[in-house]
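Protein sequences, first through last, are from chains X and A.
Using our numbering, the first residue of the first sequence is number 419, and each one after it goes up by one.
Using our numbering, the first residue of the second sequence is number 485, and each one after it goes up by one.
Please note: incorrect hints may appear among the correct ones.
Here are the computed lysine-lysine pairs in the DSS-like style, where the Cα-Cα straight-line distance is at most 30 Å [stated by the list, open to error]:
#: 1; chain 1: A; residue 1: Lys497; chain 2: X; residue 2: Lys436
#: 2; chain 1: X; residue 1: Lys524; chain 2: X; residue 2: Lys509
#: 3; chain 1: A; residue 1: Lys547; chain 2: X; residue 2: Lys530
#: 4; chain 1: X; residue 1: Lys424; chain 2: A; residue 2: Lys494
#: 5; chain 1: A; residue 1: Lys546; chain 2: X; residue 2: Lys499
#: 6; chain 1: A; residue 1: Lys536; chain 2: X; residue 2: Lys506
#: 7; chain 1: A; residue 1: Lys565; chain 2: X; residue 2: Lys524
#: 8; chain 1: A; residue 1: Lys536; chain 2: X; residue 2: Lys530
#: 9; chain 1: A; residue 1: Lys547; chain 2: X; residue 2: Lys423
#: 10; chain 1: A; residue 1: Lys515; chain 2: X; residue 2: Lys491
#: 11; chain 1: X; residue 1: Lys423; chain 2: A; residue 2: Lys514
Calculated from the structure, these hints are not laboratory results.
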Amino acid sequence: MEENKKMCMVLFSGSIDKLTAAGVLLSGAVADDMDVDIYVLLQGARAFRKDIADDPNKLNMAENVDLKEEFVKSLQNLKVKTWLEFFKEAKSLANVKIHICGLAGKVWGADKLDDFVDIADDIVGIGECITATQESDVHLFI
Amino acid sequence: MTQEELTALKVNKIVDARGTSCPGPLLAAKKAMGEINSGEILEVLSADEGTKKDIPKWATKKKHEYLGTVEESGFFKIYVKKG
């Protein structure tokens, strides 16, 4: 049987629009039967904190901050999934692993896996991230 | 296939993804494909314009057979035979 293609997504951003874009891209990869490893770095790790992830008011918008409210409302009107729902659905459909950078977690006061949403698989060091990027067919940095 | 032939197809599963935007219809199609057998036909209802190109390309890539699209009022139906 042919082996699935691999995507490695390095998710640096915790900006709500970029998280949404990451969710859409992740969905496309899953539809294409790709195995996906997501490495969550710095700002991204804050968004994965369980007390922040599902609350648009606690997530930032890195650029065009004045458009955040319009963006969030528009997504709701269009019945688009939240970024977290995209990620959860992708995990339920394919081999998607979410790795939190240990340093990033500490920066945001979260150093245990239990501090993050339950779709996070583990806390890792950067070596694993570099190896995964080297071994992937598609590599995205968001 | 002609529009008449598509409309007359006996489909095995219908997925109504009209309430969703991209990538909703694509993921709905992927899920539904896992629930039918090879040679059976899936009909996807969508009102998302991008889906018109997305699902045919996805279907071909995944070795399914894209049969065609029928335009309706405010939405369209995409027909795919599972490979």
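Right, here's what the structure says about each hint:
1. A:Lys497 to X:Lys436: Roughly 35 Å separates the two Cα atoms, so the pair is violated.
2. X:Lys524 to X:Lys509: Measuring from Cα to Cα gives roughly 25 Å; hence the hint holds.
3. A:Lys547 to X:Lys530: 43 Å, violated
4. X:Lys424 to A:Lys494: 36 Å, violated
5. A:Lys546 to X:Lys499: This hinted pair holds, its Cα atoms lying about 25 Å apart.
6. A:Lys536 to X:Lys506: Distance ~26 Å between Lys536 of chain A and Lys506 of chain X Cα, so the pair holds.
7. A:Lys565 to X:Lys524: Outside the cut-off at roughly 50 Å; violated.
8. A:Lys536 to X:Lys530: Distance ~44 Å between Lys536 of chain A and Lys530 of chain X Cα, so the pair is violated.
9. A:Lys547 to X:Lys423: 15 Å, holds
10. A:Lys515 to X:Lys491: 28 Å, holds
11. X:Lys423 to A:Lys514: 17 Å, holds
When the structure is compared with the earlier hints, violations turn up for hints 1, 3, 4, 7 and 8 and for no others.
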